[in-house]
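Protein chains in written order, with my numbering: chain P, 1 to 429; chain W, 1 to 429.
Incorrect hints may have been included.
[Stated by the list, open to error] Estimated spans, in silico, between C-beta atoms of each pair:
{"#": "1", "chain 1": "W", "residue 1": "GLU160", "chain 2": "P", "residue 2": "ASP31", "range": "44 to 54 Å"}
{"#": "2", "chain 1": "P", "residue 1": "PRO299", "chain 2": "W", "residue 2": "ASN244", "range": "44 to 54 Å"}
{"#": "3", "chain 1": "P", "residue 1": "PRO129", "chain 2": "W", "residue 2": "GLY328", "range": "52 to 62 Å"}
{"#": "4", "chain 1": "W", "residue 1": "LEU12", "chain 2": "P", "residue 2": "ASN295", "range": "32 to 42 Å"}
{"#": "5", "chain 1": "P", "residue 1": "ASP31", "chain 2": "W", "residue 2": "SER168", "range": "51 to 61 Å"}
{"#": "6", "chain 1": "W", "residue 1": "GLU273", "chain 2": "P", "residue 2": "LEU420", "range": "32 to 42 Å"}
{"#": "7", "chain 1": "P", "residue 1": "GLU3", "chain 2": "W", "residue 2": "GLU273", "range": "11 to 21 Å"}
{"#": "8", "chain 1": "W", "residue 1": "THR33", "chain 2": "P", "residue 2": "PRO299", "range": "19 to 29 Å"}
The set of hints was computed from the structure by calculation and includes no laboratory data.
A virtual CB, placed ideally from N, CA and C, is assigned to each residue, including glycine.
Number of protein chains: 2
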Amino acid sequence: MSEYRGYEGNSLKFLKANRIAVGDYVRIVADITYSGIIMPRYEHSDDKHIVLKLKNGYNIGLEIAEIEKIEKNLVTEKIIEKSEWIKKSEGLPKILLLSTGGTIASKVDYRTGSVTPVLSAQELNASVPELAKIANIDAEVLFSEYSENIMPKHWLQIAEKINEYSKSDYVGIIIAHGTDTMHYTSSFLSFALAGFSIPIVLVGSQRSSDRASSDAALNLIGATKFITSSNTNGIYIIMHQDENDKVIACHIGTRVRKNHTSKRGAFKTIGDEPAFIITENQIQKNIKEDFFKTNEFHPRIKLDTKVALVKYHPGYEPELLEKIIEMGYKGIIFEGTGLGHIGKTMYESVKKARNKGIFLGMTSQCIDGRVRMTVYESGRDLLNLGIVPLENMIPEVALVKTMWAIGNSQNIEEVKKLMLENIALEISD
Amino acid sequence: MSEYRGYEGNSLKFLKANRIAVGDYVRIVADITYSGIIMPRYEHSDDKHIVLKLKNGYNIGLEIAEIEKIEKNLVTEKIIEKSEWIKKSEGLPKILLLSTGGTIASKVDYRTGSVTPVLSAQELNASVPELAKIANIDAEVLFSEYSENIMPKHWLQIAEKINEYSKSDYVGIIIAHGTDTMHYTSSFLSFALAGFSIPIVLVGSQRSSDRASSDAALNLIGATKFITSSNTNGIYIIMHQDENDKVIACHIGTRVRKNHTSKRGAFKTIGDEPAFIITENQIQKNIKEDFFKTNEFHPRIKLDTKVALVKYHPGYEPELLEKIIEMGYKGIIFEGTGLGHIGKTMYESVKKARNKGIFLGMTSQCIDGRVRMTVYESGRDLLNLGIVPLENMIPEVALVKTMWAIGNSQNIEEVKKLMLENIALEISD
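If we strip away everything but chain P, and leave its shape as in the complex, we get (with noise of 0.2 Å):
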């Protein structure tokens, strides 16, 4: 049966009249011509538009009223069968695959750099034939967002889901997961799961513009090299070092930001080298520290999400932070400035956060480089005010950590205890 997800009125009877369904290769002529796959749609579209996944990986909208003519395209790419699809071999380690959506999680041969609109892990592990030789993979499909949707009821429902297997026989498992908010996963996880036995790989991919070929499967390969040869724990993200395909750089989750909008190398630990970097021949390991302070498995996997992250700049109205107090939150982490200040025209609002028991932290909008609030008399200040300084946590990992501490804590003195204790490497030297 043909598939026409999301499509609906207009859109879905002009496929149907063309006998084109969602999957098909297709040449669309209009202002320009067009070749490429037909893709699902999502929610919030028209019935006016359809769209087009084109060889360069970037989905199209075109509106139906302006398309001349849509036909299947007879030369079409090389499509992966079923009967392809990676038989499992005896002795190889074994791995589990979780896919949550985002670019990674469309079909991708890379050796052609075409793309299929097909979102199943257990596509995205068949289409990449090398992972078949380096170890037996488990698929499973958790959910199918992109990563901005990706919400904390998400990363509770990973890291459930993760949990199940903590006593399995798979030495590693990958989470396929859209990259713009990934270290934000991979920091709750990196709470949530501490003394998680066997490490985890979120993997992504950062389609370029300028690059037929999809970055998707060598950070796959990456990732599966990592969890079969380095013999370590952690939460990590793997990606591309740079715009170089032959390193794949794999940082700590909880070290680790989006540096770039679109670069293949977009991740960067931040003030050092990435734990590890992978090549074809060796794994080089810079990371010296064991990656959880604790041995034992100890899953703590709740979080409350009324904590804010307050950016201070120049002309921030104290009364915005006012309304964030009014409003019931229960944390605020500041991003200050510098070594971690914040205005003299905000203090009288701190200290009403203060006195209703809010958990308040400063990290820096440097994003590098420790806060030190006792060089200057304002952070003094800021100290005497009750803000409590998160040494070089990235503000990002800093609002998620404070989401899980509060979630996991019964008073704001065990909050304040989690948030400096350092459990997976959020605070480095």
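Given the coordinates of chain P, assemble chain W onto it according to the supplied hints.
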């Protein structure tokens, strides 16, 4: 007459009893022994502490109850006497030095690393004798604020002051400024003073605890060399390129960020080399374009602070955005994820903002790279909701520019037009 600025009650009594005043070089025996200079105190101070500036440049507060002994240090550091103040030499170019406060506005003898708590621009100038060989510097104190207390009203004050000199015989203007919010100030000046014919350079000091010498002198010398030799105009920030004291970087005022809390080389041009590199014997020019789009000086020294910066993250509650709308904000700059995304949970609130005529701009929390909202369906949804993608404008710069654009426009269409006009290289290729 001895000076006790900011001291009162017990701490004032303590100083007087020991015949010590602000500016004295002292030796204090407490838990350990400290040597340094007694600093003036600022508001929000208690009367239980005195403040000592250590040789490494840091201020520490010492509780008087814990001080065993305090005495003037006889082995005083070389202090520059008024008689040594620099005489002007005929024929040298004229520069105006405006002081606004910050670490740099401590008098510093960079050869010995000693610091005295004298804050005037004239003394700042006098403390770096090399300057007099390059230029005749007139100095003026505008105000004295740590940079986290510098507000949009201070930007206006600086711009108005500079505007007075639009037809002077100065070849350039140096602004001594705290480093924390220097790039916000440089952005405002870039828009408000577009077309200003001589270079305006912000200079600060990043004191690092492991170095006895100050970087202030070197940055000031770099700025003076730049102004007298570069034959250009524009608004720049001049600071150390890295830890190397021989290389000074000159950054475009709209493309620069403080990216490290404490390093000397904290300031970085985002996504590019610094515009100029200043070394002992040469100035290397990397910038290819003119700084300003316009050659005509056309000051627009107004702003409206009713602009909010919303950094989106998983769990960001749309109710927070609703509060901002209710509070009468006229502009909202989103720091979206990746290519410029916010979750679909935000869409309804964004619609409300649009319907109220609020200017909505999109930047990326990746900091580096361009937003591109046509790549994914979610981005296209946001475009439909009226969010304006701000190319690769740095979020902080977009915030300042929106304040400025709203202050200088009659309606939202004018605001949109100004926001996408590349006025001072805030958008780069």
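Hint check results:
| no. | hint | verdict |
| --- | --- | --- |
| 1 | GLU160/W - ASP31/P: 44 to 54 Å | holds (51 Å) |
| 2 | PRO299/P - ASN244/W: 44 to 54 Å | holds (47 Å) |
| 3 | PRO129/P - GLY328/W: 52 to 62 Å | holds (59 Å) |
| 4 | LEU12/W - ASN295/P: 32 to 42 Å | violated (56 Å) |
| 5 | ASP31/P - SER168/W: 51 to 61 Å | holds (55 Å) |
| 6 | GLU273/W - LEU420/P: 32 to 42 Å | holds (39 Å) |
| 7 | GLU3/P - GLU273/W: 11 to 21 Å | violated (50 Å) |
| 8 | THR33/W - PRO299/P: 19 to 29 Å | violated (50 Å) |
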